[in-house]
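Could you put together the complete structure from these sequences and hints?
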Amino acid sequence: MWRALYTLALRLAAPLVLLRLWWRGAREPGYRRRIGERFGYYREGRGERPVLWVHAVSVGEARASAGLVTALAGENPGFDLLLTCMTAAGHQTLKELHGESVTVAWLPYDYPGSLRRFLEHFRPRLAVLMETELWPNLLAVCSDFGVPVMLANARMSEKSARGYAHVPGLARPAIGALALVCAQSEEDAARLRALGARRVEMTGNLKFDIAPDEARRAAGRAWRERLGRPVLLLASTRDGEEKLLLDALVPWDGKLLVVVVPRHPRRFDEVAALAQSRRSRGEVPAAQDRIHLGDSMGEMDFYYAAADVAVIGGSFVPLGGQNLIEACAAGVPVVLGPSMFNFAEATRLALAAGAALQAADASSAMQLVSALLADAGRRRAMGEAGRNLCAAHRGATLRHLELCRELLRAPARG
Numbered sequence: 004m005w006r007a008l009y010t011l012a013l014r015l016a017a018p019l020v021l022l023r024l025w026w027r028g029a030r031e032p033g034y035r036r037r038i039g040e041r042f043g044y045y046r047e048g049r050g051e052r053p054v055l056w057v058h059a060v061s062v063g064e065a066r067a068s069a070g071l072v073t074a075l076a077g078e079n080p081g082f083d084l085l086l087t088c089m090t091a092a093g094h095q096t097l098k099e100l101h102g103e104s105v106t107v108a109w110l111p112y113d114y115p116g117s118l119r120r121f122l123e124h125f126r127p128r129l130a131v132l133m134e135t136e137l138w139p140n141l142l143a144v145c146s147d148f149g150v151p152v153m154l155a156n157a158r159m160s161e162k163s164a165r166g167y168a169h170v171p172g173l174a175r176p177a178i179g180a181l182a183l184v185c186a187q188s189e190e191d192a193a194r195l196r197a198l199g200a201r202r203v204e205m206t207g208n209l210k211f212d213i214a215p216d217e218a219r220r221a222a223g224r225a226w227r228e229r230l231g232r233p234v235l236l237l238a239s240t241r242d243g244e245e246k247l248l249l250d251a252l253v254p255w256d257g258k259l260l261v262v263v264v265p266r267h268p269r270r271f272d273e274v275a276a277l278a279q280s281r282r283s284r285g286e287v288p289a290a291q292d293r294i295h296l297g298d299s300m301g302e303m304d305f306y307y308a309a310a311d312v313a314v315i316g317g318s319f320v321p322l323g324g325q326n327l328i329e330a331c332a333a334g335v336p337v338v339l340g341p342s343m344f345n346f347a348e349a350t351r352l353a354l355a356a357g358a359a360l361q362a363a364d365a366s367s368a369m370q371l372v373s374a375l376l377a378d379a380g381r382r383r384a385m386g387e388a389g390r391n392l393c394a395a396h397r398g399a400t401l402r403h404l405e406l407c408r409e410l411l412r413a414p415a416r417g
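In the numbering used here, the protein residues as written are 4 to 417.
Be aware that one or more of the hints could be misleading.
As the list claims (entries may be wrong) - Here are the simulated distance ranges between beta carbons: (1) ARG201 to VAL170: 36 to 42 Å; (2) GLU286 to GLY179: 52 to 58 Å; (3) ALA395 to ARG35: 40 to 46 Å.
To be clear, the hints were calculated from the coordinates, so they are not data collected in a lab.
If you're wondering where the values come from, they're calculated on a predicted model, not measured in any experiment.
C-beta atoms are modelled at their ideal positions from N, C-alpha and C, and glycine is treated no differently.
This is how it looks when you write it as structure tokens:
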């Protein structure tokens with residue numbers, strides 16, 4: 004009954020879903036392309052080879068899954084790789100990471116008929132869903148088709164667990180339909196078991212295994228050297244955070260350059276009003292520029308390599324923060340806001356290692372930034388702690404891969 008009511012609500016919301024898709028396409032044209040795929044209609048046929056399917060909803064999941072996708076492709080040369088996503092930025096990232104070696108498509112919305120068409124078209128042998136993609140109809144239809152589903156790099160915050168617990172008639176059957184859950188931490192594992200997951204393995208966080216782009220890193224370091232100025236990076240900022248953080252900065256000393264990289268491309272033009280120059284136009288910050296807009300996609304390795312200190316966005320509004328592991332891996336001192344529940348375990352590890360500092364608000368964060376910018380020795384120590392932390396926690400890809408092997412060895416159902 005719960006799933007039927009959920010599906011009815013989705014059907015009633017369909018006109019609003021389409022309007023929102025078209026509205027977002029005004030800023031990001033990718034949303035207006037291949038709309039039929041959102042409902043399970045695909046133009047291209049597919050070959051006879053079996054399919055391994057990985058779903059990465061957006062940019063962060065696409066990057067986190069990259070090593071696992073590469074490993075799956077190398078170990079299963081007789082399979083085709085299908086990668087799905089939901090956002091235009093995610094689609095672009097998957098294309099940049101994997102090119103024509105994989106098929107990239109939109110995953111349909113969570114309508115039973117759309118999902119049946121999707122599964123009938125691709126007939127995947129295994130589904131790997133990244134992090135928290137727990138859609139009731141998706142999991143039910145995969146079960147109907149006999150497709151084993153792994154929830155990879157799974158996380159479940161206390162807040163999200165409380166939300167799922169409020170709708171047990173919807174959540175427990177969905178989570179119980181998973182063949183396997185690969186949890187980032189013991190806390191994530193315990194919450195997922197409590198919500199009905201049948202088998203949970205603690206595998207660690209795939210984001211520790213992300214290989215940086217050395218060419219972009221070198222370009223970032225060279226850019227920083229040419230500037231000859233200290234650089235503060237506001238990384239993956241969300242709506243309203245840019246002004247909040249910039250207003251909290253100490254008065255400009257005539258040297259510091261603040262590079263702002265918004266999390267979502269649709270906000271680039273909005274944030275440009277705060278900046279004197281922007282990367283997408285090839286503009287090199289002038290000596291009098293205080294703020295530079297990082298409005299290019301796929302260049303976080305460049306920005307982290309160019310930074311003396313990084314402030315992680317999404318953490319000064321109640322959104323749970325953004326990925327701090329990339330900054331740690333780059334050896335950049337990290338300053339966090341109070342809201343990091345989406346990266347709770349990585350935050351705990353980084354704070355304990357001395358790779359990150361956490362502030363109660365924007366004003367406190369900017370005081371920490373000022374102190375770090377004035378203390379090169381502390382910056383070096385924090386950067387080294389971040390690199391060591393990432394090195395110590397690598398290996399999640401291999402653990403995931405072994406569990407994928409196990410699911411693929413099991414007899415096909417359906």
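Hint check:
no.: 1; hint: ARG201 to VAL170: 36 to 42 Å; verdict: 19 Å, violated
no.: 2; hint: GLU286 to GLY179: 52 to 58 Å; verdict: 53 Å, holds
no.: 3; hint: ALA395 to ARG35: 40 to 46 Å; verdict: 44 Å, holds
Consistency with the previously given hints fails for number 1 only.
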